Amino acid sequence: MRHLISMEDLTRDEVVRILDVAEQLLPIALRERRSVPTLRGKAVCNLFLEDSTRTRLSFDLAAKRMSAEVLNFSAKGSSVSKGESFKDTALTLNAMGVDCVVVRSHSAGAPVQLASYLDVPILNAGDGWHQHPTQALLDVFTMRRHLGDLEGRTVVIVGDILHSRVARSEVQALKLLGAEVVLVAPPTLLPPAVEGWGVRIASDLDAVLPEVDVVYLLRVQRERMRGAFFPSSREYARIWGMDERRLGLVKPDALVMHPGPMNRGVEITADVADAHQQVITEQVTNGIAVRMACLYLLLAGEGPALAGDDTEEAA
Amino acid sequence: MSEVLLRGGRVLDPASGVDGVRDVHVADGQIVAVGQDLPVGGDVEVVDCDGLWVAPGFVDVHTHLREPGFEDAEDITTGSMAGAAGGYTALCAMANTDPVCDSAAVAEMVWRRGREVALVDVFPVGSITKDMAGEELTEFGELNRSAAQVDFFSDDGKPVASSLVMRRALQYARAFDAVICNHSEDPDLTVDAQMNEGAVSSVLGLPGWPREAEEVMIARDLILAEGAGARLHVPHVTTKGGVELLRLAKSRGIRVTAEVTPHHLSITDDAVASYDPVLKVNPPVRLQEDVDALRAALADGTIDCVGTDHAPHPPELKDQEWEHAPCGMLGLETAIAVVLTDLVHPGLLDPLTAIARFTTGPASVRDVGAHGGPIAPGEAANLTVLDPARTWTVDGAALHSRARNSPFHGRELTGRPVHTLLRGRFTLRDGQVRASEEVPA
Amino acid sequence: MSRLFDADDVARMLRRLAHEVIEANHGAQNLVVLGIQTRGVPLAERLAALIEDIEGVPVPHGALDTTLFRDDLDVKGPRSIGETRVPVDVDGRTVVLVDDVLYTGRTIRAALDAVSELGRPARIRLVVLVDRGHRELPIRADHVGKNLPTAYGDHIKVLVAEVDGEDGVVAEPEGAA
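Chains as they are written, first to last, in numbering that gives the first Met the number 0: chain F, 0 to 314; chain X, 0 to 440; chain Z, 0 to 176.
Since the hints were derived computationally from the structure, they do not count as laboratory data. Since this is a predicted model, take the numbers as computed values, not measurements. Treat the hints with care, as some may be off.
[What the hints assert, rightly or not] Pairs of lysine-lysine, DSBU-like flavour, derived with a Cα cap of 35 Å:
1) Lys86(F) x Lys157(X)
2) Lys86(F) x Lys250(F)
3) Lys156(Z) x Lys174(F)
4) Lys75(Z) x Lys86(F)
5) Lys63(F) x Lys145(Z)
6) Lys239(X) x Lys174(F)
7) Lys250(F) x Lys174(F)
[Unchecked claim] Not the full set, but computed from the structure, chain Z residues with beta-carbon under 7 Å of chain F:
8) Val56
9) Leu67
10) Leu72
11) Glu116
12) Gly118
No residue lacks a Cβ here, since even glycine has one placed at the ideal position from N, Cα and C.
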C-alpha cells in the first residue's frame with residue numbers, strides 16, 4: 000500500500016488485512032496495553048487544511064500510540080490566502096523530512112495532488128466530498144466486530160449522499176466486503192449518475208428497514224437547508240429521520256450507526272441516539288485502532304508486504 | 000520588401016474552394032500570383048512547400064491575451080508569438096482584462112499593441128456590459144467608431160445573467176450590425192461548479208457543472224436573438240444538446256454562429272480523475288457522446304469555427320487545489336494539431352473543411368478585415384504553411400505563451416505550422432517565431 | 000530437505016524442557032508460559048500442559064506477537080500482526096518465553112520489549128526447541144531442546160503439528176527456503 004487516498008485503490012484482501020491488523024491493535028487503542036515503539040523515529044505530519052478536531056485527535060493518538068513523532072500543521076482555508084501555493088506547502092513538508100502526511104482538506108483531490116508532489120505515503124483524512132477512507136474502514140471494522148463477515152449483509156445509508164465523502168468511501172468499502180448497499184435520500188441529495196455505483200436506490204425508508212443489518216445515518220448539514228435541497232428539518236425528520244417507530248421496524252440485532260457529530264432531532268431522535276450511543280462510542284476507539292493499522296501498513300518500510308508471518312524464519 | 004514564392008504546396012483555400020498543388024507568389028505584402036509552375040524572377044526567395052499545406056492565415060475569435068492587467072499570465076507580445084506559432088494571423092482579444100475592454104481607450108490600446116508587435120492582427124472584443132458587471136450596456140458606438148472598430152461584444156468568462164440586459168444588448172447591437180457573444184452559463188445552476196456533472200464528478204466528489212446550465216442559456220439567447228433579429232455568437236459549445244439547439248436555430252434562420260474549442264473536441268471528463276488543475280476549464284470538458292456530437296457539428300457546419308479560448312494562467316495559480324485553481328487552458332499553439340490529429344487524420348473531417356473552420360468560418364463571425372482568405376492575386380498575403388505529417392510531443396513549458404497550462408502537455412500530436420506570413424512577412428519561419436523589426440520579442 | 004528429528008524426538012525434547020523449567024523454578028508456581036508467534040504458541044501450550052501434568056498445578060499460558068517491537072520493519076516491510084494473549088498480569092511472575100528456533104536473537108530482543116510493555120515480571124526465562132547459533136545480539140536461551148550449529152543462512156525449520164500438520168525438525172541448505 001503506497002498511499003491511502005481512496006477506497007477505490009484498495010482490493011478486498013487489502014481491506015481485510017487492514018481490519019485484521021486493527022483487530023490486534025485494538026487493545027492498545029483501548030489502553031488495555033501500553034503504546035508500542037513500532038514507528039519510533041518516524042515523523043507523521045497532520046496537514047489539516049480544514050477544521051476537524053475529532054479526526055485530527057484520532058490520528059494524533061494513533062500515531063503517538065505507535066511512538067511516531069507528530070507534527071501538526073493546521074491552516075484554515077486555502078494556502079493561497081497566505082500567498083503560498085498548495086504546491087509550496089507540499090514542498091515545505093518535503094523539506095522538513097516527514098515520513099507520512101495525513102491530509103484533511105476542503106478540496107476534493109487535494110491528497111491526489113499532494114501524492115504527485117511528495118515521495119512519502121499520503122493518508123487521506125477527508126477531502127471535500129470525495130473520500131474519507133479511514134472513516135469507512137472504522138465503520139466496517141465496527142460492523143464486522145458486531146456482525147462477523149459482511150458478505151451478504153445489507154446496509155442502508157440514509158441522508159445527504161451528494162455532499163458526503165463518508166458515503167462515497169463507505170459504499171466502496173461495503174461492496175469490497177460483499178455487502179449489499181441501499182441508499183435512501185431526498186432525490187436532491189443523491190449524486191448524479193448514482194445508478195453507476197452498484198447500489199440499490201430506495202425511496203421508502205420504512206420498506207427497507209426490516210431487511211437491513213445496519214442503518215447508517217449521515218449528518219444533515221444545516222447549510223443544505225438554505226440551499227433548498229429540502230424544505231425543512233421537520234419534513235426531513237419525518238421522511239428520512241430515525242425515530243422510535245422506525246427503530247421498531249429493524250431487526251433486533253441490527254446496528255444503528257452515525258459518523259458523528261449527530262444532529263439530534265433531524266436525522267436521529269435523541270432517544271434513538273441515546274439507545275445506540277454504545278456503538279457510536281465504539282466507533283471512536285475503533286477509529287484509533289484502524290488509523291494505527293493504516294499508519295503501520297503505510298510506514299513500516301518499503302519491503303514486500305508479506306501475507307503472513309510464516310515466511311519469516313524465527314530467529 | 001523581398002518577394003517570396005511558396006513552391007509546390009497543397010493549397011487549401013476554402014474561400015475559393017481550391018484544393019490542389021499550386022505555387023503562391025507573394026510580393027509587397029500581397030499575393031500576386033497563384034498557379035502551377037510559376038516562373039521565378041531574380042530576387043524571389045523560393046520556399047519549398049512540397050508535402051506541405053498552404054492555407055489562409057488562421058483566425059481565432061476567442062483569445063485571452065490578458066493585457067492589460069494580467070501580464071503575469073500573458074501579454075500581447077507573448078500571446079501574439081503563440082498565435083504566430085499556431086498558424087494564426089488574426090486574434091480576437093477577449094474583454095475580461097483589467098481594466099475591462101469597455102472603453103475606446105482600452106480597445107485602441109489593445110489594437111495598437113497588436114500592430115506594434117506585428118506578429119498577428121489583434122481585434123479587440125468589447126464587453127457587453129460596463130466592467131462586465133452584467134448591468135449597464137457598454138458604449139458599443141464608442142468602441143465601434145474607435146480606431147479598433149469593435150463589432151463584437153462579449154462578457155466572456157461571465158454570462159449576462161439578466162434576460163433583460165441580454166435582450167437590450169442584442170437590440171442595441173443592431174445599430175452597428177455588431178455581434179453579441181454570451182458565455183452560455185446559467186450562473187444559478189453552476190454555483191461552486193468544478194467540472195462536468197455526471198458519473199465522474201459523482202465519484203470524484205467535485206460539484207457538477209450541469210449541461211442544463213449551458214443549454215438553458217443557449218436556448219434563451221437564441222430565442223432573444225430571434226426576437227431582436229440580432230447577430231448572436233455562441234462561444235465554446237460543449238454539449239450534444241447545445242449542438243441540437245444550434246442546428247434547430249440555424250434551420251429557423253436565426254442569425255447565429257458558433258464555435259467549439261480544440262479541448263472540447265478532444266478531452267473528456269474522465270481525465271479529471273488526476274485532479275490536475277490544468278484540466279479545469281469553463282465550460283468543462285464533457286462526455287465522449289458530446290465530443291462526438293461536436294465533431295459532427297464542426298464537420299457539417301452547425302458549428303462554424305474552432306475558437307481556442309486560449310486562457311493562460313500563471314503556474315502559481317494552477318498549482319492550487321482543484322477547487323481554488325482558475326479555469327482555462329492554453330490553445331493557440333496546439334489548436335490545428337489537435338484538429339488534425341483527432342479529426343482530420345482519422346477521417347472525420349476533410350482537410351479543406353478543417354481549414355475552413357480556422358479561416359472562412361471565424362471570418363464569418365465578425366469583420367476581421369483581410370483575414371480568412373481567399374488565396375488570390377490582390378489579396379493580403381496572410382498565409383499559413385503546415386506540415387500535416389509532422390509528429391511532435393507537446394511540452395507546455397516550451398510553448399511561446401508566458402503560461403504553460405496546456406492540457407495537451409505530454410501528448411503526441413501530428414501536424415504543425417511551419418511558416419506563417421502576415422502581410423507577406425514571415426512571423427513564423429521554419430517553426431521559429433520571427434519578431435518584427437520594431438519590437439524585439 | 001533432510002529430516003533431523005521426528006515427532007517422537009520433539010516430544011522427548013519438550014518433556015525434558017518441562018522438567019528443566021520446573022527444576023530451575025523450584026516448582027510450577029508463579030509461572031506464565033508465553034509462546035512467540037507463530038510456532039512458539041503451540042509449543043508453549045504443550046509445555047504448559049506438560050508442567051501441569053508433572054506438578055499438578057494449573058500453568059497459565061498465552062501468546063506473544065513481537066511484530067510491533069521489531070527493528071527491521073524498514074527493511075522487511077509491514078507484516079501481519081499475530082495475536083498477543085496474556086491470561087494473567089505478568090507483574091512479579093516468572094515469564095517463560097517459548098520459541099521454536101533461536102538464531103540471530105532479534106526476535107527475542109523484540110519479545111523482551113513486548114513483555115516489558117506488559118508489566119514488570121520477576122524474571123524472564125527463554126526456552127527454545129533448537130538453537131542454531133549465529134547470534135547478532137548478546138542473548139542466550141536458558142533451556143534448549145537441541146543445539147544445531149549450522150552455516151549462516153542455512154535454514155532450520157521446526158515443524159509443529161498445529162501449524163504444519165506434523166512435528167519434526169528439518170534442514171534446508173541455503174537458498175532452498
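Straight-line alpha-carbon gap Lys239(X) to Lys174(F), limit 35 Å: Holds - the C-alpha atoms of Lys174(F) and Lys239(X) are around 34 Å apart, at most 35 Å.
Status of the Glu116(Z) interface restraint (C-beta, 7 Å, chain F): holds, 5 Å
Straight-line alpha-carbon gap Lys75(Z) to Lys86(F), limit 35 Å: Given pair Lys75(Z), Lys86(F) holds - Cα atoms ~32 Å apart, limit 35 Å.
Restraint outcome when Leu72(Z) is required to lie within 7 Å of chain F by C-beta distance: holds, 4 Å
Satisfaction of hint between Lys174(F) and Lys250(F), Cα-Cα up to 35 Å: It holds: about 21 Å lies between the C-alpha atoms, which stays within 35 Å.
Restraint check for Lys63(F) with Lys145(Z), where alpha carbons must lie at most 35 Å apart: With Cα atoms ~42 Å apart, Lys63(F) and Lys145(Z) exceed 35 Å; violated.
Closest C-beta approach of Val56(Z) to chain F relative to 7 Å, hint status: violated, 27 Å
Pairwise hint evaluation, Lys250(F) against Lys86(F), where the allowed Cα distance is 35 Å at most: violated, 50 Å
Hint validity - Leu67(Z) Cβ closer than 7 Å to any chain F Cβ: Constraint on Leu67(Z) satisfied, holds at 4 Å.
Interface hint for Gly118(Z), Cβ within 7 Å of any Cβ on chain F: At 9 Å from the nearest chain F Cβ, Gly118(Z) fails the 7 Å test, so the hint is violated.
Hint consistency between Lys86(F) and Lys157(X) [alpha-carbon to alpha-carbon, up to 35 Å]: At roughly 28 Å apart (the allowed maximum being 35 Å), Lys157(X) and Lys86(F) satisfy the hint.
Given pair status - Lys174(F), Lys156(Z), alpha carbons within 35 Å: Violated, at roughly 40 Å.
In terms of the numbered hints stated before, the structure departs from hints 2, 3, 5, 8 and 12, listed from lowest to highest.
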